[in-house]
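Modelling step: build the complete structure from the supplied sequences, incorporating the hints.
First to last, the protein sequences are chains B and E. With my numbering applied, the first sequence corresponds to residues 1 to 296, in that order. With my numbering applied, the second sequence corresponds to residues 1001 to 1309, in that order.
Calculated from the structure, these hints are not laboratory results. Heads up, a few of these hints could be off.
What the hints assert, rightly or not - Facing chain B, a subset of chain E residues (Cβ under 8 Å, in silico):
# : residue
1 : Thr1078
2 : Asn1191
3 : Thr1236
4 : Asn1261
What the hints assert, rightly or not - Covered by chain B, per the in silico footprint, the following chain E stretches (three or more residues, Cβ under 8 Å):
#  : stretch
5  : 1050-1063
6  : 1095-1104
7  : 1139-1145
8  : 1164-1173
9  : 1262-1275
10 : 1290-1297
To be verified - Listed next, the in silico PhoX-like pairs over lysine-lysine satisfying Cα-Cα at most 20 Å (straight line):
#  : chain 1 : residue 1 : chain 2 : residue 2
11 : B       : Lys191    : B       : Lys99
12 : B       : Lys15     : E       : Lys1133
13 : E       : Lys1296   : B       : Lys99
14 : E       : Lys1084   : E       : Lys1271
15 : B       : Lys202    : B       : Lys191
We treat Cβ as the ideally placed atom computed from N, Cα and C, and that holds for glycine.
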Amino acid sequence: MSGKPVRLLRNLNAKIAAIPMILTTLVVFLGGTVWTVVYSFTDSKLLPRLRWVGLDQYDRLWSNSRWLVSIENLLFYGVMSMVFTICMGFLLAVLMDQKIRHEDTFRTIMLYPFALSFIVTGLVWQWILNPDFGMQEIIRGWGWTSFSFDPLNNPDTVLYGLLIAGLWQGTGFVMCLMLAGLRGIDDDIWKAARVDGIPTWKTYVVIIIPMMRAVFVTTLVIVASGIIRLYDLVVAMTSGGPGGNASQVPAMYVYDYMFQAQNLGQGFAASTMMLLSVLIVLIPWAYLEFGGKKHG
Amino acid sequence: MADLTAAPGMSTARTAMVGPRGAKPRRMFSGRNIMLYGTLIVVCVYYLLPLWVMVMTSLKGMPEVRLGNIFAPPLEVTFEPWVKAWSSACTGLNCDGLSRGFWNSVIITVPSVILSIAIASVNGYALINWRFKGSDVFFTILIFGSFIPYQIMLYPIVILLREMGLYGTLWGLVLVHSVFGMPILTLLFRNYFSSIPEELFKAARVDGAGFWGIYFRIMLPMSLPIFVVALILQVTGIWNDFLFGVVYTKPDLYPMTVQLNNIVNSVQGVKEYNVNMAATLLTGLVPLIIYFVSGKLFVRGIAAGAVKG
Chain B
1 MSGKPVRLLR NLNAKIAAIP MILTTLVVFL GGTVWTVVYS FTDSKLLPRL RWVGLDQYDR
61 LWSNSRWLVS IENLLFYGVM SMVFTICMGF LLAVLMDQKI RHEDTFRTIM LYPFALSFIV
121 TGLVWQWILN PDFGMQEIIR GWGWTSFSFD PLNNPDTVLY GLLIAGLWQG TGFVMCLMLA
181 GLRGIDDDIW KAARVDGIPT WKTYVVIIIP MMRAVFVTTL VIVASGIIRL YDLVVAMTSG
241 GPGGNASQVP AMYVYDYMFQ AQNLGQGFAA STMMLLSVLI VLIPWAYLEF GGKKHG
Chain E
1001 MADLTAAPGM STARTAMVGP RGAKPRRMFS GRNIMLYGTL IVVCVYYLLP LWVMVMTSLK
1061 GMPEVRLGNI FAPPLEVTFE PWVKAWSSAC TGLNCDGLSR GFWNSVIITV PSVILSIAIA
1121 SVNGYALINW RFKGSDVFFT ILIFGSFIPY QIMLYPIVIL LREMGLYGTL WGLVLVHSVF
1181 GMPILTLLFR NYFSSIPEEL FKAARVDGAG FWGIYFRIML PMSLPIFVVA LILQVTGIWN
1241 DFLFGVVYTK PDLYPMTVQL NNIVNSVQGV KEYNVNMAAT LLTGLVPLII YFVSGKLFVR
1301 GIAAGAVKG
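What follows is the structure, given as structure tokens:
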């Protein structure tokens, strides 16, 4: 009866309610990202300033040995941690899927580390791996006096130390995702495989794993985006050491240059590289997951 | 009467002829079971070991820690490390223990959780039932935002908070947690609300209820479980945060995780491992209690919160 309301005012309450979301996406997520990328081309030191230096910060970044070590560490830790969490998570899920008794108890035990922070995780494992009181000392006490297991104080093995703690914290979660994937597979598939006389292990490898492709891809993306942010665990366990930078990671580089060394430009350039690496993981995934469906 | 009593006997007789039903009963100690449960138990030992070590170490006195085996239970149980960790462990110049960090964390977590859940639930509701032009675009950016490394937004947020006069305050940190909790929570609520029948919403509209009326009288009471899931997710997430705490607060206001790290990794003084472990356990206690009490809901929360990474 009345005329069409003004477009902007239609649905006004919903728009007002969405203001925090709109501000967050536009100002913080988009604005913040663009701001950092833009300022990574300047020579900002203590305070951000718009004096252009082109790709200088990136040149400096990629010729800084600490950054190169960080990238190397992250790649090594990332690949190892992905392979192990996914393999172990899947195997545990398969074990849990054998109609076992006390499944809830087992799951509760495997998942509780996931509730703990990386700081707590790191500090506990730092104590267990302590060379004077921890594992090494115990096994020496059993009579094997030359036994040596001190990963955190040796630059060559420090990443394995981080890995032990990281896997402890995260595999239970991957196991849960995988278990949900296994439970989502139709029983008829199993019956058909049994009728055809395919052995169980082969059913898993040839039929079930390919059917769980989506679960694997999602898990991979989640684990990967977590790894790129790896920071707290390193701070708690090694503070980047031993030997200065044996366990440095990019997130640490960013933090130190932004808030300690007062070299903002370097921090911005490093964080832009982090963004780039996430996009390299994310864009193919988003394309497969959402782009693929549209084209059939 | 006779028929009825005869019936069970008849049916068992018939099944007996057809053959046994259901899965073949397995012997309890078959090779398969020993392998299966053996592996699971070994795995559980690996998972439980750190918790065991933490509890045992925290109950020993320092002389016993120095002498002994970290896996052995204490010969003489003492709660002194707990008391010291809580009330007199030192970080830098402050020697009032973890209690300060604990209360800071409480003051940060409570408003952050309330604010982020309030914002996200209304968002999810608007995105499902009151779509407006562009709402889906914002939602997509929001979800993408949850994958972007926080590092890239750290400094711009410092500037924003400074402009608002909130840099270095607890309220600034509350705001940051609310912003970064938004993607996952909005997704959670949006998915949940989309499962509520639309007829209900339409009927309420016909009866003249508006945006807030429907939210408070229909959506809210119907979605209490998802609010509990969101609560679990946020309390653990915010309690466990370290990076934002370090960046956006001052030493006086450091949350518990940051203070814990400073206590344990401080280079000065003699290392008191028992106090360190008591402090670590104290910090982990809040999320652990939530985890053990909430059980299945926690699993649901992290499965939904998976994109948070």
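- Tell me if Asn1261 (chain E) is really an interface residue toward chain B, meaning its C-beta lies closer than 8 Å to one of theirs. holds, 5 Å
- Interface hint status, Thr1078 (chain E) versus chain B (Cβ within 8 Å): Check failed: Cβ of Thr1078 (chain E) comes no nearer than 17 Å to chain B, outside 8 Å.
- Go check the stretch 1164-1173 of chain E versus chain B for me, would you? Three or more residues, Cβ under 8 Å, otherwise it fails. violated (count 0)
- Message: For Lys191 (chain B) and Lys99 (chain B), compute the direct alpha-carbon distance and say whether it is at most 20 Å.
- Response: holds, 16 Å
- Lys1296 (chain E) and Lys99 (chain B): Cα distance at most 20 Å? holds, 18 Å
- Mind checking, does the stretch 1050-1063 of chain E have 3 or more residues with a CB under 8 Å from chain B? Three-residue rule met by the stretch 1050-1063 of chain E, so holds; n is 5.
- Within 8 Å of chain B's CB atoms, at least three CB atoms from the stretch 1139-1145 of chain E: coverage verdict: holds (count 5)
- Item | Verdict on chain B covering the stretch 1290-1297 of chain E, criterion of 3 CB contacts below 8 Å | Held - the stretch 1290-1297 of chain E has 4 residues with a Cβ nearer than 8 Å to chain B, which meets the minimum of three.
- Query: Was the hint right that Thr1236 (chain E) lines chain B, CB cutoff 8 Å?
  - Reply: Given a least distance of 6 Å, the restraint on Thr1236 (chain E) holds.
- Message: Please check whether the stretch 1262-1275 of chain E has three or more residues whose CB lies within less than 8 Å of a CB on chain B.
- Response: The restraint on the stretch 1262-1275 of chain E holds, since 3 of its residues have a Cβ under 8 Å from chain B and three suffice.
- Item | Proposed proximity, Lys1271 (chain E) with Lys1084 (chain E) (alpha carbon, max 20 Å) | holds, 13 Å
- Message: The hint names Asn1191 (chain E) as touching chain B; please verify it with the least Cβ-Cβ distance against 8 Å.
- Response: Not OK, violated: Asn1191 (chain E) not within 8 Å of chain B, min 15 Å.
The structure shown violates the earlier hints numbered 1, 2, 6 and 8.
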